[in-house]
Every structure is written in C-alpha cells, then in structure tokens.
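Asker: Here's the letter readout for the chains.
There are 2 protein chains.
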Amino acid sequence: MVPVIISGGVGSRLWPISRASHPKPFIPLPGGGTLIRRTYARAAGLASVDQIVTVTNRDLLFLTADEYAEVAAPGVKNTFLLEPFGRDTAAAVALAALQVAGDNPDAVLVVLPADHLILDKAGFGAAVAKAAAIAATGRIVTFGMKAESPETGFGYIEAEGDTVLRFVEKPNAERAAQFIASGRFFWNSGMFCFTARSMIAAMQELCPDVLSNASTALEKARTSNAPDRIIVEIDRDGFAAVPAVSIDYAVMEKARNVGFVPCSFDWSDIGSWTVLSTLVPADDNGNRTTGETMLHGVTNCYVHSEDRLVGLVGVSDLLIVDTPDALLIAHKDKAQEVKDLYNRLKLEGHEAATLHRTVHRPWGTYTVLEEGPRFKIKRIEVKPNARLSLQAHHHRSEHWVVVSGTAKVVNGQSEILLATNQSTYIPCGHKHRLENPGILPLVMIEVQSGEYLGEDDIVRFDDVYGRT
Amino acid sequence: MVPVIISGGVGSRLWPISRASHPKPFIPLPGGGTLIRRTYARAAGLASVDQIVTVTNRDLLFLTADEYAEVAAPGVKNTFLLEPFGRDTAAAVALAALQVAGDNPDAVLVVLPADHLILDKAGFGAAVAKAAAIAATGRIVTFGMKAESPETGFGYIEAEGDTVLRFVEKPNAERAAQFIASGRFFWNSGMFCFTARSMIAAMQELCPDVLSNASTALEKARTSNAPDRIIVEIDRDGFAAVPAVSIDYAVMEKARNVGFVPCSFDWSDIGSWTVLSTLVPADDNGNRTTGETMLHGVTNCYVHSEDRLVGLVGVSDLLIVDTPDALLIAHKDKAQEVKDLYNRLKLEGHEAATLHRTVHRPWGTYTVLEEGPRFKIKRIEVKPNARLSLQAHHHRSEHWVVVSGTAKVVNGQSEILLATNQSTYIPCGHKHRLENPGILPLVMIEVQSGEYLGEDDIVRFDDVYGRT
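Note that the protein sequences, when read in sequence, are chains A and B.
For the first sequence, counting from 1, position 120 maps to 119 in numbering that gives the first Met the number 0; every step adds exactly one.
For the second sequence, counting from 1, position 180 maps to 179 in numbering that gives the first Met the number 0; every step adds exactly one.
Please keep in mind that the hints were generated in silico from the structure rather than gathered at the bench.
If a hint is listed, it holds; no wrong ones were tucked in.
The list cannot tell twin chains apart, which means a pair is met if one copy fits it or any two copies do.
Here are the computed lysine-lysine pairs in the DSSO-like style, where the Cα-Cα straight-line distance is at most 27 Å: (1) Lys345 to Lys377; (2) Lys169 to Lys253; (3) Lys145 to Lys169; (4) Lys129 to Lys145; (5) Lys377 to Lys407; (6) Lys407 to Lys375; (7) Lys129 to Lys253; (8) Lys76 to Lys382.
Since this is a predicted model, take the numbers as computed values, not measurements.
Throw the hints in and build the complete structure from the sequences for me.
Answerer: Set out below in structure tokens:
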C-alpha cells in the first residue's frame, strides 16, 4: 500500500490565512496541527505502509517536510515528486503511478488530497482496506462520501451498490437538492485507489498524452536519494508539455473498470471559512472565537485573531479573520466570494496574496517587524542545526542581536559564537553566514541599514539547500 | 479676550483610536491635524488674544504642548492648569476664572471644549465677538447651535431671540423630535463667554462650594513660569474637595443674567464613529475608507486602517477601525455602544483601554514591536534636542542600534556619539542616558534582554521633565 498525498492549490477561499506560498494544507487548525500533517498521519497509520509519495510544488518541499517531521512515522520512507508548477490532478496521479511502478507495478496506491479533514481514522482505514482489495483485482476505485446536504462546491457520483452509474460535475443548487432527495448520490471526494499497473494501463488508453509527457518529465527529473527520503525534481520543460486536466475528467469518467466504495465517516475538504469555523465550538449566541475578543450584542460570528484584541459591537453573521498584515471581514453567506477578493489581489500582484509577514525558509523563518526609510527590522528564527547560505549584500549592513539560543557566525575572515544577549555587526559587502549549532531554536533580531533593502540584494556563495 | 480650552474625557465612543492616555482631542482627523490642534488654532485666531488658558489632566501636558507647537501662534502665552484628575466642567471653569481674575477680573473668557470641530472660522469669530460684547455687560453668555436633527446625545436650549427660556438635559428621541419641530430649540454646545468677575460672582451665589475649594486648590498649586508659558499644577488634596458637577447644572441653569448667541455655523463634537466617518468622502457605494482596503460587494461601510490591508466581502453598514493592537467592528446603528465595550475593557484593566502600542513620552515616543520570553524589541523616537532621564535597570540589558539621526549616549562612565547604523550595549545596572543632540528626529531600535522587562524596572537619577 502506497499512499499518495496530492498537495496543490492555494485554497483561496481561506485567504488571508491561506496564501500562495502557504496554502490551505498548511493553515493551522483550531484543534491543533494542519490538514497536511493530519493527512500524513492518517496515511502513515494505514496497514502495510512503508512508503508515502507526495506530489507537490517544489517551493513547498521544506514546509511539507517540516510538517511531516511533526508526525512520528517510523520506518516510512518519503518520496517527494516536486512539480515546477501545477498541471492538475491527472498529471500528479500519472507521476505517482509511474514512480511507484518503477519499483513494483502491482503496488496498490491510494490517492489522498492533502486538504481533507477526516476524524474517524478507523472508518477511513476500513474504507481504504475495502478499496485496496477491489483495486488488487485491477479496478480503479473511487470513494463516495455520503452526501448529507445539497453542496454546490463538490462533484457528485451516482451509484447503485458498488457500481458507479455516472460522475456529475458541480451542480447548481436545484440539481444538488434533487441529488440529495434521490438518495443515490455521493460526493466525489477526490480519493482513489488502484494499482500502478492498472492506472498506467487506463491512462495509456484514455489520456496517452498525459501519461507519455509525464513519463518524459519523470525520466528527465533530477533525483536525490537519502536513506529516509527520495526527492525527485520533475523536469520543467517536460512537465510543461503535460495537458492540464483533472483525473476525474481524464480517467474516472471514461474508465470501464471503476470500483466504488461508499463511505459514511465524517469528511470535509474545509472549503471555506464557514466550514472551518465549525471546528471552533460555539457559545450560547452562536459565536465562535479564537484569540482575544470582546463581544457586545453579537450573534453567529466567527473570529480568528492571532495577536490583537478584536472588539465587536452589534454585529451578526460575520467571518472575521485577522492576521498581522491583512484582515478579512466577510458575511457568512458570501464566504465563497473570498476567492474573488483573493483573485483581485493576485491580479494586482499584491504581496498579501502570496506571502505572510512571517516567511518560511528551509532553515527556519523570518518576520519583518518594521520597515522604514533606509532600515528594516527582522526577527529571524533558525532551526536547530540549520544554517543559512554563505552570503553577502551590496547595499546593506546588518546588526544581529541574539535574543534566544546560540549563533555561530561567519563574518568576513572570522568565525564567532554568539550567546543570548550578544551581538555582532556585518558590514556591507562582508561575506557572512549564520548557523544554529545548538539544539534549541535560535532567535535573533536583525537591524538592516542601507540604501536598498530588497530581498534580492543577496549573493549566495554556498548553500546547503541548493539555492546558490 | 482669553480663550479657555477645556480638555477632558476619553471619548470612549471613539475607541480604539481614543484611549485614556490618548483621548478624543488627540485623535488624528481624516482631514489632517487633531481636534485640539484645530481648537487651539481657532482660539489663537480670535481677535485680541494674547493668552490661552488650557485646563487639562496633568498627564496630558506634553501631548497637548506638542499639539500646540504644530500651530503658529506668535505672541500667545499658554497657561496650563493641570488637574490631578477630572472634576467635571464647573471645577475647570472655576479654576480658569480664578486664574485669569488674578491678572484682570474684567478679562472676557470664552470657554471652548477641546473636542469640537468647527470649519467656519469667520462664523465662529463673529459669534464670539457678539458674545464678548454681551459678556462685557456682566452677563454669562451661552452659544446655541441651530439644531438640525433630533440628536439625543446633546442637551438643548429653548430660546426666543437672545433670551434663554430654559436648559434641557439630553432628551429621548420623541422629545428631541418635538424640539426640532418647534423650531425654538438649539443644541447646547458647551461653549460659554463671560468676564472672570461675573463668573466668580455667579459661582459665589450658585455653587460656593465649587468656587471656594477650587480657589484653595489653586492657591496651593505649584506654579512654574517660563517666558512663553505658565504651568500650574493644581493641588491634589484641595482639588479632591471640589464637587464634581457640570457648569450647566451648577451655574447656567440657575443664573439670572444668561445671555444667548444663536449660531448657524457647522459644528460637531465628533461624538461617535458614525459622525467621524462623515469626514471621509464616500464612494458610489457609500463606502468611506482610509488606508489600504479591497471591497467586494460592500455598501455603506467605514474603514479606518493604519498599516494593514483590509479586505471586505459582502458586508454593509459596518464601522471598522483597525489599530496595531486592537480592532473594532461595529454596526453603524450601534456606534453609541462602543462606549460599553470600552467600559468593559476599562473594568477589566485591559491595556487597550489606556495605552496605544505607540506610547507618547515628553521626549518622544516608543513602540513595542515584539515581546517574547526574556526579550522585548522597541522602536524609540527621540525629538530633536530631547533627552531621556539618566536611568538604570536592575533586570535588563539593552542593545541600541541607531537607524536614523544621531544619538548622544551616556553609558556608565563614558559618553559617546552614535551615528546612523552604529550601535552600543548597555549592561544591566549601568547608568545610562539617551539624547538627541541633532535637529532631525532620532530613531533607534532597542533590543532588551533580561529576566524581567516591565516598564517599572527603572531607577531615574535625573530628568529634565521632573520625573525623578
């Protein structure tokens, strides 16, 4: 059994927490953890799993690996298939099937979108076991979620017993209501189960363009092996030739050998703030809040606050999401339209569509605390044993003050250790490097001074993360 | 003519911009400036003014003086009567009348609340001139604002010609509507005009307790004279004995010699966010915004944003006020109830009722950028020629990095000059002092480290602002 976690898409309805560089699978959940971490734990908890394949954007590798590291999964090897850009789900499934087939064409793959929330692990495990047994017979199995309400945000599957009658794209409200009334429809979850061999055969027949171009992109990929993980960087040019099409459209809707497993466990794809808000318990007035709030005459509101006091007076039915650099206030009935706001930000090239104030790097994070003319203040957190690149800047000098942990600093020709409450100065042009030699996180305040303070004023001489 | 600016009260309906240490007269107006600065300019622009008396809380002296310094008022001497705490308007008027009577009992005083917005300076000047002429005959003159709408937040004056028939406290909506219909009612603006002699005589008759105790508190006051200003610190114990009562109740409603000047110029006391919002022009959908916003399907909303992006989706009739540490979202129809929210914060002793993240000091400001275990980062801005106290801390050391301007630093036994992009380190226990010797503002980043980082870990040895 090889779980394949497919992690793509921003989840723009969950802006401003979800952003291009920090998409939906990575948003912190009210109950703790993230969607991708829980998905990984769920995958690792399945029977006979010793490899998990993850298909994701190359920019998300380090973030993903950090999330996985939070889950104890002894004996599980991670294979990362890193896409240079998204080409929809058929391409991702093709890559995974081809990669796994290289070792064992009869391995059973179970495709799990990274942004599903499933709390009933036993129910999930039973459904996967059932699907795996069907998949072993050469069929491609889809999972149908018991449709409880006439959602218009999902595709539907009409089924009878374990036979799929047809796949239906996202319906309008009227059709969705008819589906629910009929009792024969299930939500199309986007989870699938098949052997590598049968998926490759189906693609060869139904979408040979996807398969052959994905195969070329995988052959040309740059692979690095470590004992506990394989990183496969898919070739950019080869991947660009893969048609962007969904696995539903390319394979599932046309395949003749589709199997079906109806599921009744709770399941959500956390499609909007309205859905996410339900993870927070409501008070007597229907208000759900995280962070510091004060409510006066308020009903049915959701408040997510990270570090500020939110005071509400006389309002109802609002979704309020507060982050350090952007605030969203939406009416509950318009939660779907947050996507439109996000799209406008993206069109304008607004930074708040892409980056959070805290930016994740392979070695840790940095947060811009303040910017002004000729200066910028950053909080830098370096993970234990991590090191930044050996670098220099043309236009700025930097003061570093260690506020927590220990720093090993290369500054020009010298190398020094800085303990908490010590500082150093990196003049403009000096080669320098920051490292955390310790076992606790290193927290440092950096005060930059100079005529130009953009992130692109950096010359990298050496980098353990391959960014030179 | 001696204008008397009375500055008291938080303006809690304008939270979170208005706070106890930064009350309504000091909030930045959409059109520029502040209410108190505009009030001062209006007062200084009146005919024959060479002294302006300000009655305010002692904690607001430096903030007030800074605001006044923004207005060119050549030849005007400022007298500050500093109350240790508020005792309502009768006490404030008594202090002003007694103070001015010491120089000239026949001087004409015009009382101006610090939080009024009047754009028509000519109309205002004409009304004051008219009132002054009546006041010179020994009458106490009140100004009535033409009541245009049935406001329930003001007291009313019923008048016929220049004769006041009666004062009426804040009415309910029904009575207010009757007042407007009758055409004989004016809003009681809280502006008055009288000679020092006649107000003292009226108080001697109508509220002798207020007068005698105010007189004692003034006699025991600590006065410091400078060529351009007099600072009178009213005695705490003496002032505590003054009954807290409004000038309307104590004098105006009972006096027999009240004069009346009806006014038709635009006037507002900026009583709520709904009123303040009207100072910002509306777009075609009735939205009024300052700062960076993105609106999607939004009507009749007001947004005040200082440094963050505010995205709104599908909402209407909201007041949204965003500050670095607190956010308010109120329905327009409930703008008055912001006061209730403020009162709850105050009751809880919440810092957001009192302080902004940027705290004003006599020498400039500081802003806490970030706090964590054992460290705190501040941005410190020192005004030209200003100096902090000579001080020491028991529990923290400090790193200082100059990002703009020049700093003169006493650090233990040494005194150094730091230019932009230079830094120094103040060990725990060292006596130190920071000064801006230049003519441009000094901006500095301070990184504090230590086991305790409260503002009260400070020993002051010497201070130009008398805080030792």
